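Protein chains: 2
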Amino acid sequence: MAEFRDKVIDHIKAIQAMITESLESIEGSSFIRESWNREDRNGKGQVNLIQDGQVFEKGGVNYTEIELPLSRSLATYISERGKNVDQNHLSDYKLFAVGVSLVIHPRNPMAPTIHANYRYLELILNGEVKDFWFAGGTDLTPYYLDEADCISFHQSLKSACDPLSAEFYPKYKAECDEYFNIKHRGMRRGIGGIFFDDVNQWDKQDLLDLQRRCGEAFVASYPEIVRKHKDDPYTKAQRRWQKIRRGHYVEFNIAYDRGTKFGLVTPDSNIEAVLMPCPLSARWEYKYKIEPGSEEDRLVQVLRVPREWVS
Amino acid sequence: MAEFRDKVIDHIKAIQAMITESLESIEGSSFIRESWNREDRNGKGQVNLIQDGQVFEKGGVNYTEIELPLSRSLATYISERGKNVDQNHLSDYKLFAVGVSLVIHPRNPMAPTIHANYRYLELILNGEVKDFWFAGGTDLTPYYLDEADCISFHQSLKSACDPLSAEFYPKYKAECDEYFNIKHRGMRRGIGGIFFDDVNQWDKQDLLDLQRRCGEAFVASYPEIVRKHKDDPYTKAQRRWQKIRRGHYVEFNIAYDRGTKFGLVTPDSNIEAVLMPCPLSARWEYKYKIEPGSEEDRLVQVLRVPREWVS
Chain A
137 MAEFRDKVID HIKAIQAMIT ESLESIEGSS FIRESWNRED RNGKGQVNLI QDGQVFEKGG
197 VNYTEIELPL SRSLATYISE RGKNVDQNHL SDYKLFAVGV SLVIHPRNPM APTIHANYRY
257 LELILNGEVK DFWFAGGTDL TPYYLDEADC ISFHQSLKSA CDPLSAEFYP KYKAECDEYF
317 NIKHRGMRRG IGGIFFDDVN QWDKQDLLDL QRRCGEAFVA SYPEIVRKHK DDPYTKAQRR
377 WQKIRRGHYV EFNIAYDRGT KFGLVTPDSN IEAVLMPCPL SARWEYKYKI EPGSEEDRLV
437 QVLRVPREWV S
Chain B
137 MAEFRDKVID HIKAIQAMIT ESLESIEGSS FIRESWNRED RNGKGQVNLI QDGQVFEKGG
197 VNYTEIELPL SRSLATYISE RGKNVDQNHL SDYKLFAVGV SLVIHPRNPM APTIHANYRY
257 LELILNGEVK DFWFAGGTDL TPYYLDEADC ISFHQSLKSA CDPLSAEFYP KYKAECDEYF
317 NIKHRGMRRG IGGIFFDDVN QWDKQDLLDL QRRCGEAFVA SYPEIVRKHK DDPYTKAQRR
377 WQKIRRGHYV EFNIAYDRGT KFGLVTPDSN IEAVLMPCPL SARWEYKYKI EPGSEEDRLV
437 QVLRVPREWV S
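These protein sequence lines map, in sequence, to chains A and B.
Just add 136 to wherever you are in the first sequence, counting from 1, and you've got our numbering.
Just add 136 to wherever you are in the second sequence, counting from 1, and you've got our numbering.
Isolated chain A, as found in the complex (with noise of 0.2 angstroms):
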């Protein structure tokens, strides 16, 4: 199996090179690339950052490796997901985690904001995996809704699951919209894509193929989808409204995100890559209203009541 878990690394980091080399050449630019590691928490990890470009008004591809000691807290967390842990025994289990995460916020409020992550997680008891999933997904956060962008998106994913399964695309496009839902607002956070965790039920292989399908998708959608909105005209009101659903961005990462809730009550941890989505500006205002008919309008319409985008 530690073949298996060296495969998934290889992978995760091509799919991490991949996707940074295909918005690096809409940038016109490299990214910075950061690389960390921390010996004493067996972690590890590379850093692909672009802020205050011209494309790109912040972004992140980052790539984290991490093998943890079970905590108790994470121990009741992962059996409460139907892990099973031996709870007398802790101390001589590790969870095994390895992924890459990104954030992109264009500068173009026509250019919609994304978000994905990859990810493989082993559960290790004295040296042997007990247990290991696959987890991820793609979100799209568009500021003006252009349906055939919604729809491309929405099918390059689609295309992406469906070599593995027909169920995968309907179940976890639901899930989703189901999680990336700012509650207190009543309104998702984007226009959905697929979000999926603790998937083991196929084959390994086939999962990892999967995996790589997803990353394929995404270099095939969305630096298109940028491209085509990269130099669309806009005025400062749509930019003021750019920013105000940047805040919503915030508000839900805060207040809902599991990965940032649990990098913020995490001792240690490195806030910095937990607090990398925000966006480099956001704007609360007051009572901002919203114009019955318009585009911002339209936005929200589909922001109220998820849209099926593809059959």
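Source of the hints: derived by calculation from the structure; they are not laboratory data.
What you are looking at is a predicted structure, and each value in this text was computed from that prediction instead of being measured.
Misleading hints may appear alongside valid ones.
Pairs count within a copy or across copies, as identical chains cannot be separated in the list.
Distance condition first, Cα-Cα at most 25 angstroms in a straight line; then the derived BS3-like pairs of lysine-lysine [as the list claims (entries may be wrong)]: (1) K423 x K149; (2) K397 x K423; (3) K143 x K366; (4) K180 x K425; (5) K425 x K379; (6) K319 x K397.
Position chain B relative to chain A; hints supplied.
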């Protein structure tokens, strides 16, 4: 006791009016006043608001009066805070709360943000007041440290508290430092002030008098600080630091502030009022670098290790 409640209501409305007027006199124009009344929830209030002003970038001074049925979660919460509630007869109880709550974000980064609230609560059993308590606080969040301001601000609070008891200021100054802690950054939100809850161990007339003095201390101290700095010259870099610190303010409010968290999870709450403390603009930069020995660093030192400003 209804007479006392009426007296507190008049008194808190007077604090709202006095504080709003003191801020309007600096702004040089009127705040927007919005009254609201929700008979279905026995709630009413008045929002006094400024947005995109000359001096104040955003601010609200909000009066709220509400009488709530005691839900199980609310009953558990107040029981844990030492209130005597018979859990078998919850439907016989109500909770009455009246208060004014304010957050003011000036435009000039040399002028500090301030938050204050003054509240009075009653636990009602079959129409009779079974318990009452006062709560509140005032805390200052500068972007650049002016030690004379910090000292005079804390001195004004101490002078307001001392006539009640010499113990009040040091006890609740320490609780303020403890509460307004952005744990994931290892920094306080600001330079503190006072923060108190469940206070009924003194005579209720004396406590009313304390709140009056706290309101007067606000009016004597904060407008003076803003007047002193509102026309200070500043650079783009200083404005940028202000926005970064306002990002930290958002993080505190959404991740830790009890009132905000309560508002976010309460179905049907007034989300505009809950998120009113969020600034008009905030900024997140990956690894923003604070130069050792700079003015930004001088502030951060005090945010990391709270100081005793008055003895």
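**OP:** Classify it for me, K143 with K366: is the Cα-Cα distance of at most 25 angstroms met within a copy, between copies, both or neither?
**Re:** Neither way: K143 and K366 sit 36 angstroms apart in one copy and 60 angstroms across, limit 25 angstroms.
Original post:
Between the shortest in-copy and the shortest cross-copy C-alpha distance, which are at most 25 angstroms for K319 and K397: within, between, both, or neither?
Top reply: both (16 angstroms within a copy, 12 angstroms between copies)
Original post:
Should K397 paired with K423 be assigned to within, between, both, or neither, using CA atoms and 25 angstroms as the limit?
Top reply: Answer is between; shortest inter-copy Cα gap is 19 angstroms, intra-copy 27 angstroms.
**OP:** Check K180 against K425 for me: Cα-Cα at most 25 angstroms, and say if that holds within a copy, between copies, both or neither.
**Re:** For K180 and K425, the Cα distance is within 25 angstroms only across copies (22 angstroms; inside one copy 45 angstroms).
Original post:
Between K423 and K149, at a C-alpha cutoff of 25 angstroms, which is it: within one copy, between copies, both, or neither?
Top reply: For K423 and K149, the Cα distance is within 25 angstroms only across copies (23 angstroms; inside one copy 44 angstroms).
Subject >> Homomeric proximity label, K425 with K379: Cα distance no greater than 25 angstroms >> reply: Close inside one copy (14 angstroms) and across copies (24 angstroms); limit 25 angstroms.
In the structure shown, a violation is registered for the earlier hint numbered 3 alone.
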